[in-house]
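Chemist: One-letter residues, chain by chain:
2 protein chains.
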Amino acid sequence: MLAEIITIGDEILIGQIVDTNSAWIAKEFNTLGIKIRQITSVSDTAEQIKDAVNKAMKANDIILITGGLGPTKDDITKQTLCDLFNTSLVFDSIAYDNVVSIFSKKGYPILESNKQQAFLPQSCIPLYNTCGTAPGMLFNVDNKLIVSMPGVPYEMKTMMQLDVIPRLKSKFQFPVIVHRTLQTAGVGESFISEKLVKIEAALPEHIKLAYLPSLGIVRLRLTGIGKNEKLLQEEIDMYTSNIKDELGVVVFAEGDISLAACVCSILKEKKQTITLAESCTGGYVSSLIVQIPGCSEYFMGSTIAYSYEAKEMELDVNPDTLIKYGAVSENCINEMLLGAIKKFNTNCAIAISGIAGPDGGTPDKPVGTIYIGVVINKRQKVKRFNFENNRERNIERAAMAALNMLRLELLNEF
Amino acid sequence: MLAEIITIGDEILIGQIVDTNSAWIAKEFNTLGIKIRQITSVSDTAEQIKDAVNKAMKANDIILITGGLGPTKDDITKQTLCDLFNTSLVFDSIAYDNVVSIFSKKGYPILESNKQQAFLPQSCIPLYNTCGTAPGMLFNVDNKLIVSMPGVPYEMKTMMQLDVIPRLKSKFQFPVIVHRTLQTAGVGESFISEKLVKIEAALPEHIKLAYLPSLGIVRLRLTGIGKNEKLLQEEIDMYTSNIKDELGVVVFAEGDISLAACVCSILKEKKQTITLAESCTGGYVSSLIVQIPGCSEYFMGSTIAYSYEAKEMELDVNPDTLIKYGAVSENCINEMLLGAIKKFNTNCAIAISGIAGPDGGTPDKPVGTIYIGVVINKRQKVKRFNFENNRERNIERAAMAALNMLRLELLNEF
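The listed protein sequences correspond, in order, to chains V and G.
Positions in the first sequence are counted from 1; adding 36 to them yields this note's numbering.
Positions in the second sequence are counted from 1; adding 36 to them yields this note's numbering.
Hints should not be assumed to be uniformly reliable.
Since copy identity is lost for identical chains, a pair holds within one copy or between any two.
[To be verified] Listed next, the in silico BS3-like pairs over lysine-lysine satisfying Cα-Cα at most 30 Å (straight line):
1) Lys280 to Lys151
2) Lys94 to Lys141
3) Lys86 to Lys180
4) Lys141 to Lys234
5) Lys244 to Lys414
6) Lys86 to Lys401
7) Lys244 to Lys91
8) Lys266 to Lys109
9) Lys109 to Lys280
If you're looking for bench data, these hints aren't it; they were derived computationally from the structure.
Since the structure is predicted, the reported quantities are computational estimates derived from the model, not experimental observations.
Working from the sequences, and respecting the hints, build out all of it.
Modeler: So, in structure tokens, the structure goes:
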């Protein structure tokens, strides 16, 4: 089973946006066992869209198109597909009701351009959009499936998950593919690969291990392909548990769970409560915790103390400490932890203070120097991290390091 | 002048990596005035590489290829291009010296596979790699330029900047392309397009307007193509100012500036100071402000008050207010604003409280109900927003709405 992804949009071809839709679809299709033969990006012109679809139809069974379905003049995918497949637009009342419902919720009037979004090619199966006004379309032409979806990643992903993938699964017989993801924090790709040399060498032909690194996190993905699902699951189970045994606490989760979600589930399970005292991360770590539904069980609030004054007033940091050691110091972090715990009456806390950059570095404490502290039931631990020279990346890495420190200390404690 | 980018690599087609090379090259070419007609990603197979290059040569003047030049067995781009262009590999001593120098620096022995990297197609102009072992190649076939470069982003970018772009500039006369981006907040794509109907209809053939929406933000991009740069700039200036006049305060920036950066520059310019009282956004809005370097001039800290108790203790919200109106109410926001200002002694503040979901909705206040308040010099304003049923998106939309409210009130005040 071969497929091609066609992404449509001038913004891709002038480099204004990076096409992330293709990688997302490719990953999903890979899980299903559908091989992506080619990814093609073309501009919002009828000639190029037609040319790309025609060529793709010659070499593939499935063609997935994203983009060009918006209400504005430059969006021409729908009309172009109509022309290509010799069909015409007809009014679709379900799509129209969807437009009406979205606009009435927002309290906006419905404009002529929005009404146009409710017209769909007569020969297509409509893919109703649960998150936006532009419906998708599924065409069955010459025994090929052509799917056209909005380019907005969230709308496309929802449409794929709720509608397109279930349709594909019911229509085609796919080989059995089993994926298993393990997530690690706090160590690098080469450390892990060194540890797994023997396990990797022993992997059979039909099972592959991939390393997927991001800042502070390395995901490991085992992929097996076969015919007998039960047997394949058992094999993958075995290799998964071998890897877990070898890596120990470095593995924080099986499956696609964020580090914040993992930490939150431990806090919840162990009935711990947490507050954060954030300086250079400016509330980012707290916001990762608040992203987890149900966080009110263990999280009441945090203090963002960016200035010296805020650290003194809000977290009872001693002015002498700031003068003598500076805000980026073990001493300051220790006092921030105490102040945070006292303020929110929790038994756990995280404190972070550092030089995120681009300015403010010194020879002793260059940009990227970040102190992170964790306290659990009065047991405090502070570590110094030396990251790099990029503000955004330093904030992300500090957040991951802080959450991982808390995780390891929680495992230590309970 | 038309070009196509071909990225080669199985890792792209299974979604393991996002192809960021294409967007980078496209942006560079766009600045030069070379139009990217298509971006194509294919796997590491000779047949597909040949097919993609042949097709690209029919429709373009320049073909840029990245990937498949590594020392391992799966890297076959060099041999495939040799076959395609009827040439053979010859030893290149400069490329070999480069391999030797890199390996001796690392203290590694040179393997046979590395020696192979010093062989290059006889008919190509070598593009020596200053950051890695794989040289690039430039072919001139049938009056088309075909450039093959490594897939490692850093190596490719350096080769483009030091070698490929200067060669193109000396060889071709490029058309002039002018881009201008305007960013808007707080209104939808269709609202804007309705407002711009006349301006869009009056745009000449050689100037295009594109809409690029994300949560709470719509970017507008004017692109003009022509021969006379001064004339084109003047035309784009005129249309830009027409659009700005038509849209008014909805436009928050010209160019690629984030809404947070825009708000921060106003705070800085007007010498205002700010604090935030965040409930359902959990510190996210503060973290967007802290991402802007130099924020210590106007930002000292924030309060994340997630629980009722934290709102009472940290922001002096009256318990009666919480009982009578709830935390998601205009009354609570008004008190949060006062408490925040008092605590950090600033003259501006933002307060946010809402039901981000997935639980906690009521008939009166369904999930997505978020109150946002802004105070500037004692003038308070509170608005209720009705977003949707997705926690992560509600947090993002609340953040954008809050920053935009502050921006509009700052413009109102000064």
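Chemist: Work down the list of hints and note, for each, if the structure agrees.
Modeler: Here is what the structure says about each hint:
1. Lys280 to Lys151: between (54 Å within a copy, 27 Å between copies)
2. Lys94 to Lys141: This pair counts as neither: shortest intra-copy Cα distance 44 Å, inter-copy 50 Å.
3. Lys86 to Lys180: For lysine 86 and lysine 180, both the intra-copy (15 Å) and inter-copy (25 Å) Cα distances are at most 30 Å.
4. Lys141 to Lys234: between (58 Å within a copy, 28 Å between copies)
5. Lys244 to Lys414: Neither way: lysine 244 and lysine 414 sit 44 Å apart in one copy and 62 Å across, limit 30 Å.
6. Lys86 to Lys401: For lysine 86 and lysine 401, the Cα distance exceeds 30 Å both inside one copy (58 Å) and across copies (47 Å).
7. Lys244 to Lys91: Close inside one copy (28 Å) and across copies (27 Å); limit 30 Å.
8. Lys266 to Lys109: between (51 Å within a copy, 28 Å between copies)
9. Lys109 to Lys280: between (54 Å within a copy, 19 Å between copies)
Comparing the model with each numbered hint stated earlier shows that hints 2, 5, 6 do not hold.
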